Structures are given as C-alpha cells and as structure tokens.
Amino acid sequence: RFGMMIYQMPFHHPIRLAQESATLDHLSRGRFEFGVGTGISPHEFIRWNIPYESRREQSHEALEVIKQAWSKGVVTFEGKHFNFVEVLTEPRPFQDPHPPIWYAAHSPHSFEFAAKHNFNVSQNIDVDSVVAEKFDMWRKMLKKYKHAAPTPLAFLTRHVHVAETDEKAREQAEPHLVTPRDKDPEFHEAGQAAVAQAGLEVSPDGRYQKRTQTKEHQELRRVFLERQHSYDFWIDNGLALVGSPETVTRKLKEQQDLIKMDIFCARHGIGRIPMAQARESIELFSKEVMPAFK
Numbered sequence: 001r002f003g004m005m006i007y008q009m010p011f012h013h014p015i016r017l018a019q020e021s022a023t024l025d026h027l028s029r030g031r032f033e034f035g036v037g038t039g040i041s042p043h044e045f046i047r048w049n050i051p052y053e054s055r056r057e058q059s060h061e062a063l064e065v066i067k068q069a070w071s072k073g074v075v076t077f078e079g080k081h082f083n084f085v086e087v088l089t090e091p092r093p094f095q096d097p098h099p100p101i102w103y104a105a106h107s108p109h110s111f112e113f114a115a116k117h118n119f120n121v122s123q124n125i126d127v128d129s130v131v132a133e134k135f136d137m138w139r140k141m142l143k144k145y146k147h148a149a150p151t152p153l154a155f156l157t158r159h160v161h162v163a164e165t166d167e168k169a170r171e172q173a174e175p176h177l178v179t180p181r182d183k184d185p186e187f188h189e190a191g192q193a194a195v196a197q198a199g200l201e202v203s204p205d206g207r208y209q210k211r212t213q214t215k216e217h218q219e220l221r222r223v224f225l226e227r228q229h230s231y232d233f234w235i236d237n238g239l240a241l242v243g244s245p246e247t248v249t250r251k252l253k254e255q256q257d258l259i260k261m262d263i264f265c266a267r268h269g270i271g272r273i274p275m276a277q278a279r280e281s282i283e284l285f286s287k288e289v290m291p292a293f294k
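Numbered per the UniProt record's numbering, the sequence shown spans residues 1 to 294.
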C-alpha cells in the first residue's frame with residue numbers, strides 16, 4: 001500500500017484533491033491511503049499568504065467536501081471557506097466507501113476530531129512518553145463515540161538507522177541527527193526566519209502577534225533547542241532508533257510495548273546522510289529487524 005503523509009489541507013483545493021486521490025486509488029487498484037493534516041509550521045503559511053489561525057476550520061471543511069465527493073460523486077456544500085452547488089466530481093474511489101483516512105494529530109483538539117470521525121491517527125513529533133499518553137487519550141475518546149465502523153489504527157514515524165554495529169550506526173547517524181536544524185537552511189528551524197523577520201510569533205490560539213518574548217522564555221527555548229540538538233536527546237526519548245539490528249529490534253519492541261502503535265514507519269533518510277548508508281540501513285532493517293515483528 002502507499003500514500004502521502006500528509007497533504008496539508010489549507011494548501012489544497014478539496015475538489016481537485018478528491019479527484020486526484022480517487023484517480024490514484026484506481027491506478028493502484030485500491031491500495032491508496034489518504035493522509036491529511038492541518039499543518040503546524042507558521043512560516044509555511046506566511047510564505048503562501050494563508051491565514052494560520054483558520055487552518056483547522058478550513059481543513060475540516062475541506063475534509064467534509066472530499067468525503068462528500070467520494071461518497072456521492074456530486075458536491076453541494078456551504079461553509080465559511082468553501083461553497084459548491086451540485087459540482088460533479090469524477091472518478092469516485094476504487095475502495096468502498098473510500099481510501100483509509102489518516103489524520104496527523106498533535107493537540108488534544110486534533111485527537112478529538114480524529115476520534116469523532118473515526119479516523120486513523122499518526123504521530124512523529126512528540127517524545128515516546130507523550131505519544132503513549134496521547135494515543136491512550138485518543139483510544140478513550142473513540143470509546144466515547146461508539147463507532148460501528150472498524151477500529152482505526154495508530155501510526156508512528158521515527159528516524160531509524162541500522163548498521164552492523166552500534167558504534168558504526170552512531171558514527172554514521174549522529175552528524176545528521178544533531179546538526180540539520182541549525183546548519184542546514186533547508187530544514188525546519190531555519191524556516192522560522194520568515195516569522196522572526198516579520199517580528200511576529202504565534203499566540204496560543206494560533207494567531208500572529210507581535211513578538212513579546214521575555215528573558216525567561218528565551219532561556220527556556222535556548223535550553224530546549226540545545227537538548228534537541230543533542231544526540232542523547234534523540235535516543236533517550238525514542239525520536240530516533242540507531243544501532244545494530246539487535247539493538248534496533250530491542251528498542252522497537254520497547255517502543256511498541258509503551259506506545260502500542262499499529263503501524264511503524266522507519267524514516268531512514270536522516271538529514272543529509274549519504275544515500276549508500278541509508279540504503280544499507282533499509283536493507284538491514286528489512287532483513288534483520290522486520291522479521292521479529294511478523
């Protein structure tokens with residue numbers, strides 16, 4: 001099976017996305033998975049001139065439009081961001097009623113939305129202990145809604161690098177885990193410059209406001225980023241699994257026991273790691289780690 005994880009809904013027209021996704025579902029004979037999210041990086045919205053504060057509302061409307069297009073083949077919808085009157089949408093998906101929907105959830109609000117609509121969920125940002133708490137919260141929310149449909153699944157993504165020995169794996173992976181955000185301008189942290197240059201920050205309710213950082217706030221951010229750029233921070237918090245096949249297998253089993261995810265996505269392309277090393281990691285993972293979980 002295959003799919004995108006994720007389509008950031010505010011950057012896509014829902015009718016076009018519904019049609020393109022349904023086409024992919026037909027071309028693959030029903031193997032397509034539909035991954036969506038609202039987006040969390042303010043600098044991306046600034047650069048595209050899209051309101052950050054309305055991203056959830058816009059995304060939720062777009063999903064309603066897409067589901068209607070898939071189920072009926074014609075869309076009539078009246079909302080704040082989208083309005084359609086008897087718009088024909090073809091093709092409808094190959095899968096019945098539609099491809100599985102995966103929702104990238106981070107906040108309690110997003111997990112509640114996923115539970116309400118019986119969506120599968122995915123996570124790749126928080127440390128293991130926090131992911132475990134959030135997945136447990138989501139499963140309790142699902143029981144509250146008492147859906148008749150099949151129980152949705154939980155999906156976890158982590159950086160993974162496997163080599164013959166623990167020492168070799170660390171030597172290859174460490175430079176790419178701890179440096180990209182402050183030395184590579186194409187990575188996320190550097191992208192925050194668009195927000196900073198505008199003299200803005202994002203308020204708790206998701207709106208842009210004038211930056212008002214206190215010295216205490218600046219110090220907390222400095223400490224967090226310093227820890228985030230530490231190799232031990234990545235390893236100790238389960239954000240990256242690095243080591244020999246035996247070590248990675250053990251760590252993944254521990255992660256599974258804690259988080260109880262249904263699907264695990266191994267991200268082998270860590271930063272600027274050479275393709276040959278990433279390919280070797282994929283081969284070792286598939287041959288010597290994956291069999292332990294079949």
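Calculated from the structure, these hints are not laboratory results. For clarity, every value in this text was computed on a predicted model and none was experimentally measured. A portion of the hints provided could be inaccurate.
[What the hints assert, rightly or not] Below are the DSS-like pairs computed for lysine-lysine, each with C-alpha atoms no more than 25 angstroms apart in a straight line:
1) LYS116 x LYS144
2) LYS143 x LYS116
3) LYS287 x LYS253
4) LYS143 x LYS294
5) LYS287 x LYS260
6) LYS72 x LYS116
7) LYS146 x LYS80
8) LYS146 x LYS67
9) LYS260 x LYS144
10) LYS146 x LYS168
11) LYS260 x LYS116
12) LYS80 x LYS67
13) LYS116 x LYS168
14) LYS168 x LYS80
15) LYS143 x LYS67
16) LYS260 x LYS146
17) LYS260 x LYS140
18) LYS144 x LYS168
19) LYS140 x LYS253
20) LYS67 x LYS116
21) LYS67 x LYS144
22) LYS251 x LYS287
23) LYS168 x LYS140
24) LYS253 x LYS168
25) LYS168 x LYS287
26) LYS146 x LYS116
[Unchecked claim] Cβ pair distances, simulated, as ranges:
27) SER286 x GLU90: 37 to 45 angstroms
28) ASN83 x ILE263: 16 to 24 angstroms
29) PRO108 x THR165: 40 to 48 angstroms
30) LYS253 x ARG279: 22 to 30 angstroms
31) VAL85 x ILE50: 31 to 39 angstroms
32) LEU153 x SER286: 20 to 28 angstroms
33) GLU90 x MET290: 36 to 44 angstroms
34) ASN237 x GLU20: 35 to 43 angstroms
35) TYR145 x GLU57: 18 to 26 angstroms
In this text, a Cβ means the ideal position worked out from N, Cα and C, and glycines have one as well.
What are the numbers of the hints the structure violates, in ascending order? 4, 7, 10, 13, 14, 18, 23, 28, 31
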